[in-house]
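Number of protein chains: 2
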Amino acid sequence: MPAPVTLLVHGGAGTLTRANLSPAQELEYRDALGQALRAGQSLLLRGASAVDAVVAAVSVLEDCPLFNAGKGSVFTHEGRNEMDAAVMDGATGQAGAVAGVVSVRNPILAAQAVMQQSGHVLLIGQGAEAFAQSQGLAMEGPEYFHTAHRWQQLQAALAHQQVMLDHDGQHPQGQPEPIDRKFGTVGAVALDAHGHLAAATSTGGMTNKMFGRVGDSPLIGAGTYACDATAAVSATGSGEFFMRGVVAHDIAARMAYGGLSLAEATQATVRDKLDATGGRGGVIALDRHGHYQLAFNTEGMYRGVVQGQAEPQISIYRD
Amino acid sequence: MPAPVTLLVHGGAGTLTRANLSPAQELEYRDALGQALRAGQSLLLRGASAVDAVVAAVSVLEDCPLFNAGKGSVFTHEGRNEMDAAVMDGATGQAGAVAGVVSVRNPILAAQAVMQQSGHVLLIGQGAEAFAQSQGLAMEGPEYFHTAHRWQQLQAALAHQQVMLDHDGQHPQGQPEPIDRKFGTVGAVALDAHGHLAAATSTGGMTNKMFGRVGDSPLIGAGTYACDATAAVSATGSGEFFMRGVVAHDIAARMAYGGLSLAEATQATVRDKLDATGGRGGVIALDRHGHYQLAFNTEGMYRGVVQGQAEPQISIYRD
Numbered sequence: 001m002p003a004p005v006t007l008l009v010h011g012g013a014g015t016l017t018r019a020n021l022s023p024a025q026e027l028e029y030r031d032a033l034g035q036a037l038r039a040g041q042s043l044l045l046r047g048a049s050a051v052d053a054v055v056a057a058v059s060v061l062e063d064c065p066l067f068n069a070g071k072g073s074v075f076t077h078e079g080r081n082e083m084d085a086a087v088m089d090g091a092t093g094q095a096g097a098v099a100g101v102v103s104v105r106n107p108i109l110a111a112q113a114v115m116q117q118s119g120h121v122l123l124i125g126q127g128a129e130a131f132a133q134s135q136g137l138a139m140e141g142p143e144y145f146h147t148a149h150r151w152q153q154l155q156a157a158l159a160h161q162q163v164m165l166d167h168d169g170q171h172p173q174g175q176p177e178p179i180d181r182k183f184g185t186v187g188a189v190a191l192d193a194h195g196h197l198a199a200a201t202s203t204g205g206m207t208n209k210m211f212g213r214v215g216d217s218p219l220i221g222a223g224t225y226a227c228d229a230t231a232a233v234s235a236t237g238s239g240e241f242f243m244r245g246v247v248a249h250d251i252a253a254r255m256a257y258g259g260l261s262l263a264e265a266t267q268a269t270v271r272d273k274l275d276a277t278g279g280r281g282g283v284i285a286l287d288r289h290g291h292y293q294l295a296f297n298t299e300g301m302y303r304g305v306v307q308g309q310a311e312p313q314i315s316i317y318r319d
Numbered sequence: 001m002p003a004p005v006t007l008l009v010h011g012g013a014g015t016l017t018r019a020n021l022s023p024a025q026e027l028e029y030r031d032a033l034g035q036a037l038r039a040g041q042s043l044l045l046r047g048a049s050a051v052d053a054v055v056a057a058v059s060v061l062e063d064c065p066l067f068n069a070g071k072g073s074v075f076t077h078e079g080r081n082e083m084d085a086a087v088m089d090g091a092t093g094q095a096g097a098v099a100g101v102v103s104v105r106n107p108i109l110a111a112q113a114v115m116q117q118s119g120h121v122l123l124i125g126q127g128a129e130a131f132a133q134s135q136g137l138a139m140e141g142p143e144y145f146h147t148a149h150r151w152q153q154l155q156a157a158l159a160h161q162q163v164m165l166d167h168d169g170q171h172p173q174g175q176p177e178p179i180d181r182k183f184g185t186v187g188a189v190a191l192d193a194h195g196h197l198a199a200a201t202s203t204g205g206m207t208n209k210m211f212g213r214v215g216d217s218p219l220i221g222a223g224t225y226a227c228d229a230t231a232a233v234s235a236t237g238s239g240e241f242f243m244r245g246v247v248a249h250d251i252a253a254r255m256a257y258g259g260l261s262l263a264e265a266t267q268a269t270v271r272d273k274l275d276a277t278g279g280r281g282g283v284i285a286l287d288r289h290g291h292y293q294l295a296f297n298t299e300g301m302y303r304g305v306v307q308g309q310a311e312p313q314i315s316i317y318r319d
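These protein sequences, in sequence, are chains A and B.
10 is the number that the numbering used here gives to position 10 of the first sequence; each next residue is one higher, with no gaps.
274 is the number that the numbering used here gives to position 274 of the second sequence; each next residue is one higher, with no gaps.
Some clues are possibly wrong.
Since the list gives no way to pick out one identical chain from another, each pair is judged satisfied if it fits inside one copy or across any two copies.
[What the hints assert, rightly or not] Straight line, CA to CA, 20 Å or less: simulated SDA-like cross-link-like pairs of lysine to any residue:
#  : residue 1 : residue 2
1  : Lys273    : Ser49
2  : Lys273    : Met139
3  : Lys273    : Tyr257
4  : Lys273    : Ala39
5  : Lys273    : Tyr144
6  : Lys273    : Gly136
7  : Lys273    : Glu26
8  : Lys273    : Arg30
9  : Lys273    : Gly290
10 : Lys273    : Leu27
11 : Lys273    : Leu45
12 : Lys273    : His149
13 : Lys273    : Val102
14 : Lys273    : Gln152
15 : Lys273    : Ala229
16 : Lys273    : Gln94
17 : Lys273    : Gln135
18 : Lys273    : Gly141
19 : Lys273    : Gly93
20 : Lys273    : Glu28
21 : Lys273    : Ala91
22 : Lys273    : Asp228
By construction, these hints were calculated from the structure, which means they are not laboratory data.
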């Protein structure tokens, strides 16, 4: 019996506790994650590819102002929104990514176009913008990406001269805490009806980040990786640690070369490459048998999974 | 007995055959590679770190107009020089990289500054330029990077509407052949007297490349990786294949998780991640015992090695 079509999503990790999120806010996040899961699930049940499913799910999260990607992207130190995204097809090993784009409405669509149309893997900055426009993708001015709560986060971070993550400090008073934890990002991994895997990740970076800083999300092997023989992985967290640890590929390599299961490999990588170095965040990981992991070492991670025709299961906190 | 201090360099791979290179040209390349090796060797023999040795060796190659990095960088389609570089310290797991810089005289020094001073791993474009300038690094106008033979390569590529590699088609008539093989890059790996490893890579990209395209060189795990427990690796070749295969980390992972030796791991990665997919190029790889590999699947690779106080050994062709 073949494994059921499966889709996992994440919407970032951080200091997510019940004390930090009102019931109304929690409902909004659950709603958005559910929409993303259903968008991908409906494609997968109709026989669509894992690539199309992860791109669809990530697009929903990019369009939602709650998450640090697309519309909800945080502001850099200079008050810009610089976004990164990547997608990888586990069936072919093809991959595409963009970094430092400022006017592409859905950076994940630009990453997909890079993969399918450019002959390259990574385009950055104005070159990536020009390519996205040439592909007929929707472009937006800065006002589209300007959301009030992200602007307030930047002002708070500037006042405290600190870099901030996206989901830290959302306590009831609505005043973000200026804590230097650099988490963000949305992502999805999928197994389609043909037995193929794919992974996609999109991020708005860090509040008050240095102009031009790129994290792990758009880097194949660091924040995004997929190979049918091993796993599809999308990461979120303190990007620099995920880059140095080449975390997404590290999980796949422990399976390929060490013979570990998906669960064993994921736990070993989180332990050795994140816990051991001080890196914080999480990963979603999926193999071709439909085994999956939603692993993180933070207080919480916005996350969800759907298999076959079942209802989406969504979680935020550790318990 | 401790392993001798060791330094390997490469200056790019491609269709390098005796028919393509005059004896005078060959001597120039050998001279430059020897200078790079001696610069790093002299540091290593005085107890300097592997990081300082690879940065010094790569800086020499960046300053030499023969190689596609720094001064000798090729032109993009728009007639710009867009450069990338990365360095990784195997002792600490720290890493730094820049991509898409146009006026930093030595991109490898900017990568080192990112690693040591920024708190980040990868800075791109104008942000990377601003950071390099803030660190007091030497900046240059476009005229510094404008070399006649690279400009001719661009004109030939534009005429044929093709992307070109840096070392293909250097046949005696001096007319580059418009062959779409995307090799470039200089790099170094070192083992210092304290038993630590480091890797560094720098590139000017591809002639006639799409504006904003980034290859494997500045991506930790793809073109550059170092970990004392396994290996230091620097790659050169068709960057997109090295990115999809996460080649540098793949060699280290086969050693860490599969128990392979450096030689076995390098050969397996070249076979599975390059030969099997159509990727072309090479890697230099070194472990903490001083075992090393200079592996490539092209006709040739500019390369050299020096161990202890011995004389540098330099090779270009396959035999």
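Here's how the hints hold up against the structure:
no.: 1; hint: Lys273 with Ser49; verdict: neither (31 Å within a copy, 24 Å between copies)
no.: 2; hint: Lys273 with Met139; verdict: neither (37 Å within a copy, 36 Å between copies)
no.: 3; hint: Lys273 with Tyr257; verdict: both (17 Å within a copy, 14 Å between copies)
no.: 4; hint: Lys273 with Ala39; verdict: neither (33 Å within a copy, 34 Å between copies)
no.: 5; hint: Lys273 with Tyr144; verdict: neither (37 Å within a copy, 41 Å between copies)
no.: 6; hint: Lys273 with Gly136; verdict: neither (39 Å within a copy, 33 Å between copies)
no.: 7; hint: Lys273 with Glu26; verdict: neither (30 Å within a copy, 44 Å between copies)
no.: 8; hint: Lys273 with Arg30; verdict: neither (29 Å within a copy, 40 Å between copies)
no.: 9; hint: Lys273 with Gly290; verdict: neither (24 Å within a copy, 25 Å between copies)
no.: 10; hint: Lys273 with Leu27; verdict: neither (33 Å within a copy, 45 Å between copies)
no.: 11; hint: Lys273 with Leu45; verdict: neither (35 Å within a copy, 33 Å between copies)
no.: 12; hint: Lys273 with His149; verdict: neither (32 Å within a copy, 45 Å between copies)
no.: 13; hint: Lys273 with Val102; verdict: neither (31 Å within a copy, 33 Å between copies)
no.: 14; hint: Lys273 with Gln152; verdict: neither (33 Å within a copy, 46 Å between copies)
no.: 15; hint: Lys273 with Ala229; verdict: between (22 Å within a copy, 14 Å between copies)
no.: 16; hint: Lys273 with Gln94; verdict: between (25 Å within a copy, 12 Å between copies)
no.: 17; hint: Lys273 with Gln135; verdict: neither (38 Å within a copy, 30 Å between copies)
no.: 18; hint: Lys273 with Gly141; verdict: neither (38 Å within a copy, 41 Å between copies)
no.: 19; hint: Lys273 with Gly93; verdict: between (24 Å within a copy, 10 Å between copies)
no.: 20; hint: Lys273 with Glu28; verdict: neither (32 Å within a copy, 43 Å between copies)
no.: 21; hint: Lys273 with Ala91; verdict: between (27 Å within a copy, 15 Å between copies)
no.: 22; hint: Lys273 with Asp228; verdict: between (23 Å within a copy, 15 Å between copies)
The structure shown violates the earlier hints numbered 1, 2, 4, 5, 6, 7, 8, 9, 10, 11, 12, 13, 14, 17, 18 and 20.
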